[in-house]
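K.L.:
If you want the building blocks of each chain, they are given just below.
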Amino acid sequence: MADPDARPADERGRFEEIYDVHVVPIYRFIHARVGNRPDAEDLTAQVFMRAVEQLDTTRQPGQIASWLYRVSQNAIADYWRAFYRLPVIGTDYVAPGWEPQAAISRERSDEQAAADRATTARVKALLAQLPQRYAEVLELRFLHRLSVAETADRMGISHGNAKILQYRALRKAALLGETDG
Amino acid sequence: MAEPADEGRAERFERYLDALLTDGRPSPDDVADTNEAEMARLAAELSAATAPDPPGATTPDPAFVDQLRLLIRQADQGVANVQVPLPVRRRGQVAEPSARYGRMSLTRRELLGAALGAAAGLAVGAAGLAGVRELLEGDGWSDADLVAGEGKWVAVAAVHELPEGEVVRFSTPAFDGFVVNDAGEVRALSASCTHLGCQLQYRPAWRDLRCPCHGASFNLRGWLANGRNRWQQDGPYRGDAEAYPVELPPLARPKVKLANGQILVWTASI
Numbered sequence: 000m001a002d003p004d005a006r007p008a009d010e011r012g013r014f015e016e017i018y019d020v021h022v023v024p025i026y027r028f029i030h031a032r033v034g035n036r037p038d039a040e041d042l043t044a045q046v047f048m049r050a051v052e053q054l055d056t057t058r059q060p061g062q063i064a065s066w067l068y069r070v071s072q073n074a075i076a077d078y079w080r081a082f083y084r085l086p087v088i089g090t091d092y093v094a095p096g097w098e099p100q101a102a103i104s105r106e107r108s109d110e111q112a113a114a115d116r117a118t119t120a121r122v123k124a125l126l127a128q129l130p131q132r133y134a135e136v137l138e139l140r141f142l143h144r145l146s147v148a149e150t151a152d153r154m155g156i157s158h159g160n161a162k163i164l165q166y167r168a169l170r171k172a173a174l175l176g177e178t179d180g
Numbered sequence: 000m001a002e003p004a005d006e007g008r009a010e011r012f013e014r015y016l017d018a019l020l021t022d023g024r025p026s027p028d029d030v031a032d033t034n035e036a037e038m039a040r041l042a043a044e045l046s047a048a049t050a051p052d053p054p055g056a057t058t059p060d061p062a063f064v065d066q067l068r069l070l071i072r073q074a075d076q077g078v079a080n081v082q083v084p085l086p087v088r089r090r091g092q093v094a095e096p097s098a099r100y101g102r103m104s105l106t107r108r109e110l111l112g113a114a115l116g117a118a119a120g121l122a123v124g125a126a127g128l129a130g131v132r133e134l135l136e137g138d139g140w141s142d143a144d145l146v147a148g149e150g151k152w153v154a155v156a157a158v159h160e161l162p163e164g165e166v167v168r169f170s171t172p173a174f175d176g177f178v179v180n181d182a183g184e185v186r187a188l189s190a191s192c193t194h195l196g197c198q199l200q201y202r203p204a205w206r207d208l209r210c211p212c213h214g215a216s217f218n219l220r221g222w223l224a225n226g227r228n229r230w231q232q233d234g235p236y237r238g239d240a241e242a243y244p245v246e247l248p249p250l251a252r253p254k255v256k257l258a259n260g261q262i263l264v265w266t267a268s269i
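Protein chains in written order, with numbering that gives the first Met the number 0: chain A, 0 to 180; chain B, 0 to 269.
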């Protein structure tokens with residue numbers, strides 16, 4: 000009658016340590032791919048609840064990190080596939096600095112700062128490939144976080160045209176991303 | 000410059016972007032097709048990469064981290080488990096109430112009658128991802144969530160009614176559930192499916208709690224047993240043609256204890 004899921008008593012409590020080490024990097028990893036807090040929180044909760052159920056806490060720290068990142072990758076892939084009917088993305092999508100090795104280091108701040116710089120550089124590189132008006136609208140909306148109305152005023156166009164411009168800019172950028180990959 | 004086809008799409012997609020850029024939850028309904036989904040994914044990454052505070056960094060809300068830690072701790076430590084050896088009875092034998100377990104306040108017949116007559120208990124709520132959120136916000140997972148005085152111990156079965164391997168349905172004003180004796184470990188599980196709150200049915204042959212609405216099966220530890228991830232890991236679930244399509248949070252597990260020959264469950268006072 001013993002449940003195969005049951006874990007020995009001496010493993011209990013160890014999980015909280017694992018949680019404290021990994022929750023912030025895992026959240027950041029997920030947030031970087033879903034882009035919003037509510038969904039990032041839900042997926043993070045899903046990953047750790049599954050970990051309580053399935054993760055063998057006697058594994059090596061590196062294996063634990065790998066397991067958590069693999070489950071996170073799957074959760075993110077499921078998210079995009081289930082909600083937006085997208086195919087699974089390859090592991091090459093993992094940005095530099097987000098690999099498990101970076102996450103298991105307790106001295107993460109330097110690596111995280113480097114990862115942030117790499118991400119910023121990636122954004123700039125993406126914008127640089129776009130026609131000037133497209134880059135401008137995305138910069139105002141994303142980097143400066145202006146509303147559509149403010150963006151339209153700044154660019155001297157109608158609100159409707161600002162929406163169309165940002166739509167086309169993202170469509171173009173998504174195509175660039177595909178040919179890069 | 001506007002082509003009519005783009006105008007409507009751009010208008011709708013702006014709703015997605017607006018939610019994304021104001022830290023809300025964007026709706027998949029604002030994304031029309033695969034091309035727009037690629038745009039949404041790019042926008043999501045771009046939004047995260049350019050998050051304003053602090054620049055480029057996205058740290059979780061400390062309150063979220065604390066709440067999830069509490070949930071993890073409860074799930075990990077198995078707060079609902081009682082490690083007390085219970086009398087063992089083979090199936091089919093007549094229960095012999097022993098004097099040392101004291102007076103019984105409930106018979107199984109009374110228990111089942113009460114369960115059948117009771118209104119639906121604590122429905123755990125919304126589907127999928129949203130369900131996890133509801134769990135985090137506290138719904139009686141254990142008394143750790145409750146202020147003293149808001150909960151109470153309620154006797155739900157006599158100890159001798161729950162020999163090893165047995166599952167008994169119970170109903171209290173605040174909470175409908177099952178008590179389970181799983182190899183000497185007693186736990187209580189909510190009877191409400193974490194999808195839409197339908198009342199789960201115990202299936203002795205499968206040793207699971209089955210949802211009559213959409214066919215989710217929970218094991219006797221409260222975890223979804225026939226979800227896609229489990230299929231990938233353990234193979235098909237017995238008797239099912241296909242995997243349950245969404246992941247669900249585990250069943251709520253109220254705290255249990257034994258006293259005076261009774262199994263008591265901690266529930267809200269209402």
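Treat the hints as calculated values from the structure; they're not laboratory data. Keep in mind that a hint or two might mislead.
[Said to hold, decoys possible] So the derived list for chain B, only partly shown, Cβ under 8 Å to chain A, looks like this:
1) D5
2) M38
3) T58
4) P61
5) A62
6) V64
7) L67
8) I71
9) Q198
[As the list claims (entries may be wrong)] Sample of chain B residues lacking proximity to chain A, with all beta carbon distances greater than 10 Å (derived):
10) W152
11) C212
12) W230
13) Y236
14) W265
We put the beta carbon where it would ideally sit given N, CA and C, even for glycine.
K.L.:
With reference to the structure, classify each hint as holding or not holding.
P.N.:
Evaluated hints:
A least Cβ separation of about 5 Å between D5 (chain B) and chain A falls short of the 8 Å threshold, and the interface hint therefore holds. Proximity of M38 (chain B) to chain A holds as hinted, the smallest CB-CB distance being about 4 Å (cut-off 8 Å). Contact between T58 (chain B) and chain A, as hinted, is supported at the beta carbon level, the nearest pair being about 6 Å apart and thus within 8 Å. Interface hint status for P61 (chain B): violated, as the beta-carbon distance to the closest one in chain A is roughly 10 Å, over 8 Å.
Annotation: interface hint on A62 (chain B) violated; nearest CB of chain A at approximately 10 Å, more than 8 Å. Hint status for V64 (chain B): holds, given a least beta-carbon distance of 6 Å to chain A, under 8 Å. Given hint, L67 (chain B) at the interface with chain A, holds; its Cβ is 5 Å from that chain's nearest Cβ, closer than 8 Å. The interface hint given for I71 (chain B) holds, since its Cβ lies 5 Å from the closest Cβ of chain A, which is under the 8 Å cut-off.
For Q198 (chain B), the shortest C-beta to C-beta distance to chain A is roughly 23 Å, which exceeds 8 Å, and the interface hint is violated. Every CB of chain A lies more than 10 Å from the CB of W152 (chain B), the least distance being 24 Å, so the non-interface label holds. Consistency note on C212 (chain B): stated as away from chain A, and its beta-carbon is indeed over 10 Å from all of that chain's, at 20 Å minimum. Listed as a non-interface residue, W230 (chain B) keeps its Cβ farther than 10 Å from every Cβ of chain A; the least gap is roughly 13 Å.
No beta-carbon of chain A is positioned within 10 Å of the beta-carbon of Y236 (chain B); the least distance is around 13 Å. Once the 10 Å rule is applied to beta carbons, W265 (chain B) is consistent with being away from chain A; the minimum gap is 20 Å.
Hint compliance for this structure: hints 4, 5 and 9 are broken, all remaining hints hold.
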